[in-house]
Amino acid sequence: DGGITQSPKYLFRKEGQNVTLSCEQNLNHDAMYWYRQDPGQGLRLIYYSQIVNDFQKGDIAEGYSVSREKKESFPLTVTSAQKNPTAFYLCASSIGNPGSHNEQFFGPGTRLTVL
Amino acid sequence: AQSVAQPEDQVNVAEGNPLTVKCTYSVSGNPYLFWYVQYPNRGLQFLLKYITGDNLVKGSYGFEAEFNKSQTSFHLKKPSALVSDSALYFCAAGRGGSYIPTFGRGTSLIVHP
Chain D
1 DGGITQSPKY LFRKEGQNVT LSCEQNLNHD AMYWYRQDPG QGLRLIYYSQ IVNDFQKGDI
61 AEGYSVSREK KESFPLTVTS AQKNPTAFYL CASSIGNPGS HNEQFFGPGT RLTVL
Chain F
1001 AQSVAQPEDQ VNVAEGNPLT VKCTYSVSGN PYLFWYVQYP NRGLQFLLKY ITGDNLVKGS
1061 YGFEAEFNKS QTSFHLKKPS ALVSDSALYF CAAGRGGSYI PTFGRGTSLI VHP
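If you read the protein sequences in the order shown, they are chains D and F. For the first sequence, position 65 (counting from the first letter as 1) is numbered 65 according to this note's numbering, and the numbering increases by one without interruption. Residues are numbered in this note's numbering as their position in the second sequence, beginning at 1, plus a constant of 1000.
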């Protein structure tokens, strides 16, 4: 899983709560991404960021928020507005621009379960 | 819009036999193509990529992939499968610029002893 860490590994949330998933990288990568993985649906892009203090919505951003205050960190908040948040969340980073030909490096993931 | 199709949810192969995991893509212009592998409850690991040049790309762990422009395919192959190759495999396609690569739904590879 390279130089990307995600915490916690498992997270349980009660309905109506906001929770924040941590993602840190020490690869000096500019671009960072958040994906959601559900069985049989592959990876779906939630948000991505090219530089500090800038981020863009992906395909399924509703009910999620992010920040990029430091190059190394890209936390994801799952808000109470996300109606079906139970999933496996993956953070990734890559060199250069998000749409470049550079491969992505993935963290180990956080499994979020709503109780 | 760009899209990736992995037509097989699951591929079964006997250890020692060759394996193929299929991927087709729809991308305007020249595509960038990637293969990643995911072991249970882990993140994805990069295997190989095609940007330009030789249509046969060699990657990690003895895997290779063949880019076929006319068939818009990028199938993953390995001459002799190992039980330890059993995992979930994802194909991804992009086209540069501001377009984030799109991932396929994944194919579960099961290698039987």
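These are computed hints drawn from the structure, not numbers from a lab. Hints should not be assumed to be uniformly reliable.
Claimed, not checked - Every beta carbon over 10 Å from chain D, so not counted as near; a handful from chain F, in silico: (1) N1012; (2) V1083; (3) F1090.
Claimed, not checked - Sample of chain F residues at the chain D side, in silico, Cβ under 8 Å: (4) K1022; (5) Y1032; (6) P1040; (7) N1041; (8) G1043; (9) K1049; (10) G1062; (11) F1063; (12) F1067; (13) Y1099; (14) I1100; (15) G1106.
Idealized CB from N, CA, C, for every residue including glycine.
Hints, one by one, checked against the model:
no.: 1; hint: N1012; result: 17 Å, holds
no.: 2; hint: V1083; result: 22 Å, holds
no.: 3; hint: F1090; result: 7 Å, violated
no.: 4; hint: K1022; result: 15 Å, violated
no.: 5; hint: Y1032; result: 4 Å, holds
no.: 6; hint: P1040; result: 11 Å, violated
no.: 7; hint: N1041; result: 7 Å, holds
no.: 8; hint: G1043; result: 3 Å, holds
no.: 9; hint: K1049; result: 6 Å, holds
no.: 10; hint: G1062; result: 18 Å, violated
no.: 11; hint: F1063; result: 14 Å, violated
no.: 12; hint: F1067; result: 13 Å, violated
no.: 13; hint: Y1099; result: 5 Å, holds
no.: 14; hint: I1100; result: 5 Å, holds
no.: 15; hint: G1106; result: 5 Å, holds
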